[in-house]
Structure formats: structure tokens, C-alpha cells
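Asker: Using the hints provided, position chain R relative to the given structure of chain G.
Sequence lines, in order, name chains G and R. Every letter in the first sequence is one number past the one before it in the working numbering, and letter 74, counting from 1, is 74. Every letter in the second sequence is one number past the one before it in the working numbering, and letter 108, counting from 1, is 108.
To be clear, the hints were calculated from the coordinates, so they are not data collected in a lab. There may be inaccurate statements among the hints.
[What the hints assert, rightly or not] Here are the simulated EDC-like pairs of lysine to aspartate or glutamate, each with C-alpha atoms no more than 20 Å apart in a straight line: (1) R/K257 <-> R/D240; (2) R/K228 <-> G/E49; (3) R/K195 <-> R/D272; (4) R/K257 <-> R/D208; (5) G/K16 <-> G/E61; (6) R/K228 <-> G/E85; (7) R/K271 <-> G/E61; (8) R/K271 <-> G/E85; (9) G/K41 <-> R/D272; (10) R/K170 <-> R/D65; (11) R/K170 <-> G/D79; (12) R/K95 <-> R/E70; (13) R/K257 <-> G/E85; (14) R/K257 <-> G/E40; (15) R/K170 <-> G/E40; (16) G/K41 <-> R/E163; (17) G/K170 <-> G/E186; (18) G/K16 <-> G/E40; (19) R/K257 <-> G/E66; (20) R/K95 <-> R/E129.
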Amino acid sequence: MVFEVVVVGTSTGGLKALQTLLSGLPAEFSLPIVIAQHREKDLDSGLCEYLGECSSLPVVEPDDKEPLLGGRAYLAPRDYHLLIENRSFALSTAESVRFARPSIDVLFESAADAFQTGAIGVILTGANSDGARGLATIKSRSGFTIVEDPASAAARQLPDAAIAQATPDKILALDQIAPCLITLSESQPSNELLRRGAVETAIYYGR
Amino acid sequence: MSTAPALESSLQDIEIDLLLEGLYRVHGFDFRDYSRGSIKRRILELMRAEQLTTISEFQNRVLHDAACLERFLLGLSVHATAMFRDPSFYLTFRKRVVPLLRTYPTVQIWVAGCSTGEEVYSLAILLQEEGLYSKCRIYATDISMAILRRARDGIFPLAAMREYTANYHKAGGVHEFSDYYTAQYDSVIFSGSLKSNLVFSEHNLATDGSFNEFQVILCRNVMIYFNKELQARVHNLLYDSLSMFGVFGLGNKESLKFTPRAGYYEHLNEKDKLYRKVA
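Extracted from the complex, chain R is given alone in its bound form:
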């Protein structure tokens, strides 16, 4: 006999608690304070992809089968993104942040939760065009080594270039976007000169601490997957990692309201969620 839908749903919530607790205690990956709605969808999709019908069975496989664990971690952390996503953000970055960066001898930048690197390459292109890239170092971090390997390769689907080219021009780009990559079959590889000052490394916002002081930190559409408690932790961590008057960028629909650091920044541009640390 199958369980009633409402009971089934609360049973699933318990199973998810157990799975995430097990994953943390066995492997140290801490997803316990991820936003429940999103992670539940994700886990159910991955469970179905493994041809399983209960999360308890899925837990058994994730904890005992290394290959399944790797698929699970990869699946949980991949999120669709785009180069120059929200072009007006990059346009404002060019107009308002680039002049600030010109006043520094060197610029340390952290892209926290870089996923497959679209944002990192977008930033590298922008900084190169503004003549700033040679004095910048961009630290791009994510929790998954497999994802970071893809980001480091800088290989993206050719089919996405049309959208990225349009975004690039809306973001104030004045060159041919295709100058930045070489196409081969159905993929493109981004130019080696963009990679010279990129440092990719593993970092877990949920458990790791600060590792440097930065003049710019971008963490866009990463914390939307966290609950309020974890968001508070990460806001504190990023605040502590940013130099005074450093620039902080969030996603379009993220807000500093309700975070412990709300009063510590001023807007550079409210609409584009670019802030400056002032306290």
C-alpha cells in the first residue's frame, strides 16, 4: 500500500535530514543549511536519475558507493549560469567599480561559488578591456573539484555563444566577442591570456574560513541556495574577507536586508546590487 501524499512528503523531509546528516558526518560535506525547497527538488531529481524510488535507498547508495557520491555532489552543485548574466551588472561594474580599481596598485578579487566559471571569464574579459587585468588576481572558488576542473578548462558550448555575445555587448563590450575564444566542433575554448591571472581552488562557504583580503568579492546567486542561518555565516565571512571600501556584488534578486551585515555597506548602485564596505 502506498503512503498518503502528505505523510509521504513529511517522510521525505525526514529522509533528507538523515541523508544530509550522514553525508556531513561521513564526508564532511555540509548541505544541512541549504535552502530546503531547492535541495529537495534537486535530491528527488537525482534519486530518479539513479532509478530509485525512496531517499532512504538513495542514502544507502550515496554513503556506500563512491561513484554515486561523486554524481550526487556534482548534481547538487551544478547550476545553470551564463556569461555576462544580467548585463547591466557588468555595465555598472565598468562604470562605477573600474575607476575605483584604477587607484589600487594590485587588486585581489574573489568569485565565491564560481561554478563552471562563466562569471570568472566575463570578469577577466572586462578587466582586460579596461587595461586592469595584469594587476588583478582572480580567486575563483567552489565546493566541487569536478566543477572547478571544468571552470579551469574554460570550454563552453558553442550553442551558448549567441546569447553570451548579446549579453557581452549589452554589458558595454566593444570588441568582437569571438576574438576571445576558438571554436572547435560544438565547443569553444576561451583564450589562454584570460586564464593567466586566475586561481581556481576548492573552498566551502558552509564550513571553510577566510583565506585572504580582497578588494572585490562577487558572490552572485550562490547564497540563494542557503537558508537564513547559513546566509548569515557567509555574509560575515565575506565581510571579514573584504578590505575597507572594497566592493561587494550580489545577484539581482538578493538583498542585504535581514543579514547581519546590512548596515556595513553603502550602495554603489542599488538596482545592480553592487555595494561598498564602509564600516
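Same shape as in the complex, but just chain G:
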């Protein structure tokens, strides 16, 4: 199985959960990580900078059509949906989905379309159900699906909904998710991905 992307969705309690997840990943983690965290639409909360401080990986909010690169974490900008297509990001200001923009379902469904079996979907803590359908879509395309154990999640409604709808491959305690992602990312020629990532980064920034 060759994985090409990790998509992560979370809502209530997500800040702390993302901090734990990202701090568990090494700088040489080979896959792009794309995060949809429900957030206030008119508050520039400094979330991106904060997550960057917790992580060995650079954390950025992508611009429209920015290419997806390994070894980076991407955060969906506030008040936009974030989609993946042709290994680039696409943004949308279409209506909220299940009261959310960014919507986890929108990100996950686009990742399933773009990468099929190559997508890993991760659902963390949350207090509504946006994300459950998206995870089920990744599962239906034979991608890999992980849900944070509802018993220890800050808010269990989203993990519960995701487990019910997607029957995930793994249900893990929060601190076990990063090690699992590392194992999954190592089950493939990661050096090649990293190398390609470095070259593409250089091209993107015109170096």
C-alpha cells in the first residue's frame, strides 16, 4: 500500500489534540498532512503559528492552487473550504456544510477522489458530525482510516459518528496516532517522496 496524503479533521478540543499529534511526528515525515479544524470565521486566532511552534514540520495555510508537498502540514484557512485536486489545493467559499466552513467532509471527500487508496483519514475529537461522512468515503475507496478513541477524546460525538459511519481500520488513543502514521508512511519508498518534495519546494519558491 502506498500512501500519499494524511487528512486530519477535528472540531471541539482540536487544538490540544493537534498539538499532541503534530508534536509526535518527526521533521522527516514524508507525507503531506492536511488539517481541517473548525474555527471562528472572523477571528485570526494565530492557530497556524501556534501549531507551527508545536511541530517539527512547517505548518502553513495554503493559497489556492498551491502544490501539495511532503514534509509539511497544511491548515485549512478560516472561512474557506479546502479541497485537494491534481496534487494541488483548491479553495471554495461555497455554503457551510453541516454548519462548518472549513468542512471536514469537503476536505476528506476531495482527498478520497484525488488519491483513492492513497489517502489516510484521521478523525480526532469533535462535538458535531461533520467529518464522519468524509471518513466513510475514504474507507469506501480502500484508503486507511483512523479515529481517536471516543473514551479518551475531549469531545466524543465526532469520533462516535465516524466509527458508526466508517467502521475505521483503527481506533487509537490520541498519543498512539502519530506512531501509527509513522509506521504507515514507512511502508513505502519515502525517500523518493521526500526528494520529490524538496525539488518541488525549490521550484515553488523559485530557487
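Answerer: Frame of chain G, contents of chain R only:
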């Protein structure tokens, strides 16, 4: 027997190609180079709203039933927007662009892809407050006549005014926002004085050409729905329509990088995606 999910997905992609190709060849509406992820979501939502289960059935109805075609076009192009969306953009416009506009005898402005007009009225209010509106003409264009009719009416839901008022003040507005509209039941209508220099007209960025020369062009959160090829076309079209030293505004998360016109503008303010044509 139902189709396997992965096959179903690639079948849907083929059906979408066929639908968009048919729509273009029959009616001339060209959505073929729209960003695939967004338009696929949109088409599937509209298909479900028509109580249909395959895009092929939907294609049949769109091509043969005029009322369904109208619903389809309306549904594809409506996007949620807000007055003074991203207030800091308008604040920067006030501080950095308004002084430039004072130096022109007349100012031609194009709001390309104006949708239901929230941005157009925001701009009209700003220019009126700065004493510039009387010498400005704002051309507001969109692909859908039905949407343009709504924009021209200037009627918006009362429930949205709280958010718009907050945005207006964050964008540097100093008056009572409610001075600009009259509320009736659950709607508000914006003042006729804001409409005096607005020209609404049909224009399709995917197929139509330049129609004037402008000192300001705003095209915010429109090209995010296009693929790279169509974005390149539109960037060229807008560049050709902008006078030298004219001002160009994009959405907060749009970038000139990867467009054929990247080297032809300088930043007025990088964060707010306001540019000036310099070459």
C-alpha cells in the same frame, strides 16, 4: 447490483465531462475548465435536489428541460459571500487605493464575477464616504442574468446585517451602517444613491473578452473555482483590461504565483492581495 465505490467515482468523472461538454456545445456555457473538486460537489448536490441518482439522468434533464437548465446554472454559480468580506482588504483599499484614485478625473472599476453584489455595494459605500463615488463608474459582471437581477435589486436578508455592520466598522466605516439601507420585514434594500453609478451586465470570464479599460479591477474568490488553465486565461484578460498603474484585487488566499502575469504587478499590500500593474 451497485457499482464499486472507486469505479462509481471514475464513472461520475466521465459523466461530468459529458454533461459539461453537452452544456457547452448546446448552450455555450463553458464550465469545462472549472476546478473539478468544487464543481463535482456542486453537481452532485444539484442532482440530489432534483431527486435523481445518476449524473447521466441529470444531463438528460439539463439538456432537455429549460427550467431545469435555469436551476442548474443558478445553482452552479451562487456562492455565499458577505459585504465587506475580509474587512482588512477594504481598510487597506481605503488607505492605499483611495489616495491613488483621487488623482484621476474619472475612475472606471470592474468587479468581475460580482455574484449577488455584496462586494459591489461595499465598494460603493466606501467610495461615497471618501467623496469619490460621483466620478466613479462600477461595472459589475457575472455569467448569470438571474444572479445579476438580484444584485441590481440590492435586497439582502436582514439577518445578515449584524455581521455586515461589524465588518463595515472593521473596514474603517465611520457612519451608522443602517443609514445605507431600509429594512422591511426580513429584508433590507440598499439606498438608491448607491446604485446611481453601477452598471450590471452579463459577462463570462471563461469565454468573453475585454470590454473597456479600467483603473481598478476586483476579482476576489472567483478564480478559485477555475483550474490553472482557465485561471491563466482570466489573468491575461484582466491584465489586458487594466490601465498602467491600475489596481488589481484578489481574494485573501489567492496568489499571482503560477500565473502568467506574476511579474507584471507590484504589491500594494501583500497580505490583502492588492496589486498595482507596473509592466
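Asker: Hint by hint, note whether the structure agrees.
Answerer: Hints, one by one, checked against the model:
1. R/K257 <-> R/D240: 18 Å, holds
2. R/K228 <-> G/E49: Not satisfied, since the Cα-Cα distance of roughly 29 Å exceeds 20 Å.
3. R/K195 <-> R/D272: Cα-Cα ~26 Å, so violated.
4. R/K257 <-> R/D208: Between R/K257 and R/D208 the Cα gap is close to 24 Å, so the pair fails against 20 Å, i.e. violated.
5. G/K16 <-> G/E61: 19 Å, holds
6. R/K228 <-> G/E85: 11 Å, holds
7. R/K271 <-> G/E61: 13 Å, holds
8. R/K271 <-> G/E85: 25 Å, violated
9. G/K41 <-> R/D272: Holds, at roughly 17 Å.
10. R/K170 <-> R/D65: Violated - the C-alpha atoms of R/D65 and R/K170 are around 46 Å apart, more than 20 Å.
11. R/K170 <-> G/D79: Status holds; Cα separation ~17 Å.
12. R/K95 <-> R/E70: 41 Å, violated
13. R/K257 <-> G/E85: With Cα atoms ~18 Å apart, R/K257 and G/E85 stay inside 20 Å; holds.
14. R/K257 <-> G/E40: 28 Å, violated
15. R/K170 <-> G/E40: 16 Å, holds
16. G/K41 <-> R/E163: 11 Å, holds
17. G/K170 <-> G/E186: 17 Å, holds
18. G/K16 <-> G/E40: Distance of about 16 Å is within 20 Å: holds.
19. R/K257 <-> G/E66: 9 Å, holds
20. R/K95 <-> R/E129: Judged against 20 Å, a Cα distance of about 13 Å means the pair holds.
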